[in-house]
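With our numbering applied, the sequence shown corresponds to residues 8 to 199, in that order.
In case anyone wonders, no lab produced these hints; they're calculated from the structure.
Built from N, CA and C at the ideal position, the CB exists for glycine as well.
Any given hint could turn out to be false.
Estimated spans, in silico, between C-beta atoms of each pair [unchecked claim]:
#1 Glu153 <-> Ser118: 18 to 26 Å
#2 Leu155 <-> Ser111: 40 to 48 Å
#3 Leu149 <-> Asp42: 15 to 23 Å
List time: in silico DSBU-like cross-link candidates among lysine-lysine, alpha-carbon distance up to 30 Å [stated by the list, open to error]:
#4 Lys87 <-> Lys104
#5 Lys138 <-> Lys104
#6 Lys119 <-> Lys104
#7 Lys87 <-> Lys138
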Amino acid sequence: MAGTPDTVLEVIDGGPEEPEGPRSLIAPQREIHVDHRPSDLVIVRLGHRLYGPFRSRARREESSADRGWRVTLERTSQNKIWQADEATIARAGGLVKTDEIRVSLDDAPPSKATQIQPIRYSIIPWRHFEKLRQVGTNIEILTDAEILGRVARDHLRPKNSGSQSDIVESTRWATTGLMHRSKQHCYPDIGL
Numbered sequence: 008m009a010g011t012p013d014t015v016l017e018v019i020d021g022g023p024e025e026p027e028g029p030r031s032l033i034a035p036q037r038e039i040h041v042d043h044r045p046s047d048l049v050i051v052r053l054g055h056r057l058y059g060p061f062r063s064r065a066r067r068e069e070s071s072a073d074r075g076w077r078v079t080l081e082r083t084s085q086n087k088i089w090q091a092d093e094a095t096i097a098r099a100g101g102l103v104k105t106d107e108i109r110v111s112l113d114d115a116p117p118s119k120a121t122q123i124q125p126i127r128y129s130i131i132p133w134r135h136f137e138k139l140r141q142v143g144t145n146i147e148i149l150t151d152a153e154i155l156g157r158v159a160r161d162h163l164r165p166k167n168s169g170s171q172s173d174i175v176e177s178t179r180w181a182t183t184g185l186m187h188r189s190k191q192h193c194y195p196d197i198g199l
């Protein structure tokens, strides 16, 4: 994933660290509630660690009293994400926090609005993120379907250490539905 000098990664709070770790962030039912629409690319704080970047998908909560936003997360194009703890980021000077910003919820400037929302932002400019990548670590984060696919692939394929001709013969026997026994495998009649 490549950003531009204008890219800003907003840091949103995902709550306390969870037993499932950062995988919980990409669970389909997982929503993070925030008080404003986040940027398209976000870093998420879980406990004292930051993870990302993720693509954020936000929808407005019109029915709630605080009129906040529900955010779901998707990985960027890779299954690897960056991870660092808050102390590492503080030492590297990568996190920028704003003072309180007053935002109008009406169709009027804040000075004339009847509904004002105070917001504080935490951001990481892309140039800082590029430096932070050097001090953080990349971890693999997989969806449930990807984990299931790996398990199935690893456990359903025959483990044959024979020659290529033995493998071809075993495959031919198995696909014709006949019982084939070798020293290591038994292919049952599965009706193929």
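Cβ separation of Leu155 and Ser111, checked against the hinted range 40 to 48 Å: holds, 47 Å
C-beta pair Leu149, Asp42: status relative to the range 15 to 23 Å that was hinted: At roughly 31 Å between Cβ atoms, Asp42 and Leu149 fall outside 15 to 23 Å, so the hint is violated.
Satisfaction of hint between Lys104 and Lys119, Cα-Cα up to 30 Å: Roughly 26 Å separates the two Cα atoms, so the pair holds.
Lys87 paired with Lys138 [C-alpha distance capped at 30 Å]: holds, 17 Å
18 to 26 Å as the expected CB spacing between Ser118 and Glu153, which holds or is violated: violated, 50 Å
Given pair status - Lys104, Lys87, alpha carbons within 30 Å: Holds: Lys87 and Lys104 sit about 26 Å apart, inside 30 Å.
Satisfaction of hint between Lys104 and Lys138, Cα-Cα up to 30 Å: holds, 18 Å
Of the hints listed earlier, those the structure fails to meet are numbers 1, 3, in rising order.
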